[in-house]
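Chains as they are written, first to last, in numbering that gives the first Met the number 0: chain A, 0 to 236; chain B, 0 to 236.
Note: identical chains are not told apart, hence a pair may lie in one copy or across any two.
With a straight-line Cα cutoff of 20 Å, these simulated PhoX-like cross-link-like pairs (lysine-lysine) come out: (1) K219 - K158; (2) K228 - K61; (3) K57 - K109; (4) K219 - K57; (5) K227 - K57; (6) K22 - K57; (7) K22 - K55.
No lab work stands behind these hints: they were computed from the structure.
Protein chains: 2
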Amino acid sequence: MAISDSQHISQEFEKELQDIRTKVLAMGGLVEQQVADAVQSLKEADSELAQGVVRKDKEVNKMEVAIDEECTSIIALRQPTAGDLRLITAILKAITDLERIGDEANSIAKRTLSLAEQDRPKKNYREISVLGNHVRGILRDALDAFARMDIDDALKIAKEDRNIDIEYEAIIRQLITYMMEDPRSITRSLDLMWAARSLERIGDHSKNLCEYIIYLVIGKDVRHLSTKKKEKIIKKS
Amino acid sequence: MAISDSQHISQEFEKELQDIRTKVLAMGGLVEQQVADAVQSLKEADSELAQGVVRKDKEVNKMEVAIDEECTSIIALRQPTAGDLRLITAILKAITDLERIGDEANSIAKRTLSLAEQDRPKKNYREISVLGNHVRGILRDALDAFARMDIDDALKIAKEDRNIDIEYEAIIRQLITYMMEDPRSITRSLDLMWAARSLERIGDHSKNLCEYIIYLVIGKDVRHLSTKKKEKIIKKS
Chain A
0 MAISDSQHIS QEFEKELQDI RTKVLAMGGL VEQQVADAVQ SLKEADSELA
50 QGVVRKDKEV NKMEVAIDEE CTSIIALRQP TAGDLRLITA ILKAITDLER
100 IGDEANSIAK RTLSLAEQDR PKKNYREISV LGNHVRGILR DALDAFARMD
150 IDDALKIAKE DRNIDIEYEA IIRQLITYMM EDPRSITRSL DLMWAARSLE
200 RIGDHSKNLC EYIIYLVIGK DVRHLSTKKK EKIIKKS
Chain B
0 MAISDSQHIS QEFEKELQDI RTKVLAMGGL VEQQVADAVQ SLKEADSELA
50 QGVVRKDKEV NKMEVAIDEE CTSIIALRQP TAGDLRLITA ILKAITDLER
100 IGDEANSIAK RTLSLAEQDR PKKNYREISV LGNHVRGILR DALDAFARMD
150 IDDALKIAKE DRNIDIEYEA IIRQLITYMM EDPRSITRSL DLMWAARSLE
200 RIGDHSKNLC EYIIYLVIGK DVRHLSTKKK EKIIKKS
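Use the sequences and the hints to build the structure in full.
The following block contains the structure:
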């Protein structure tokens, strides 16, 4: 093969990889918006906004299937190795997490619709919307770290998930107290509990995204490792 | 390359693919046992069994990481195409679901440990152990369909997930009634609710496994499609 041919193919390949990264970020952007809208709908009891989240879930699913196909076809046609291959396998995993974040946003929106049919005292909503903004923030940061392939930020965000868990547990404890004090609030409190649970899961998925970033940049699988071990591995890299 | 060399490589490759399938089934077997033990521990209030489930979760995680590495190295070294590539990308996704099923079994076991510290009335456990056995059954069937690459069974099992959801919803409704009738039962009922939720998720993950089987056998991504559409696609294949 002439050098110019092989250069041409390699440029095309680069373009395909770039294209797929752009699509993952677009999917991430949509999913982030879904989370933001879901949290907003819950906070403001905005059924219309919640219905929009439910409707757009299909778009998220379609994006996942399309990126998935593109990844598989790149592997088949380009037979990538090393870093390029890691990028693609990491994307294959990352879009599953993005899709599930979309599912959780969808669940939160459904809780908004269920809550819309009930009495609405003011309390409980402040904490959950604080948690919602926090979770949305780490998702945005994770996507941002992916765009910049920044492993130091990825590690920082993965660590932050611990704080999400602490906030989540405090909300659950508080809701249990409300339920015990006033059994009439049980149904409503449960809706809020499921919504909080979804937010906590979104935190977990965001953490997974960060672990994929570390994997694709330095080639080490850091899932299931403690933060200390992760830090050590990153320092060595 | 001499024909005998290429035959030799292809035999080696076949052996590697077989080996990876065996490992996925071993991981599936372990995860299935974790689910069985978790459900049993809940039903019998067996803290020791529950602790065993929590301990073994690390093994599941290790298996995921090992299979993951093996898949990536096969793609890099063997540059598989078509069916072989589909098998590997499907496995990459399937082991994520298996690992999360392991996580859910772990969560159920933790609920057993939490329940062990509370009063234990007999009611509520029958329904949840029926659901547990049902979920365990569809997980086992899904793994079995994977071993035999049986798409008809895969479709049947994916359909069955709808019944799991119905059973799950009935349990949740029942638990809400108990909570309202007797607020002292709230903490205990919530533990059972989270356990039921974990079982429902295991059903979802088992359904995902079935969708990967269909994908790897006929090359069509049937996720997010209705049962009717799935049936149509399988009939045509």
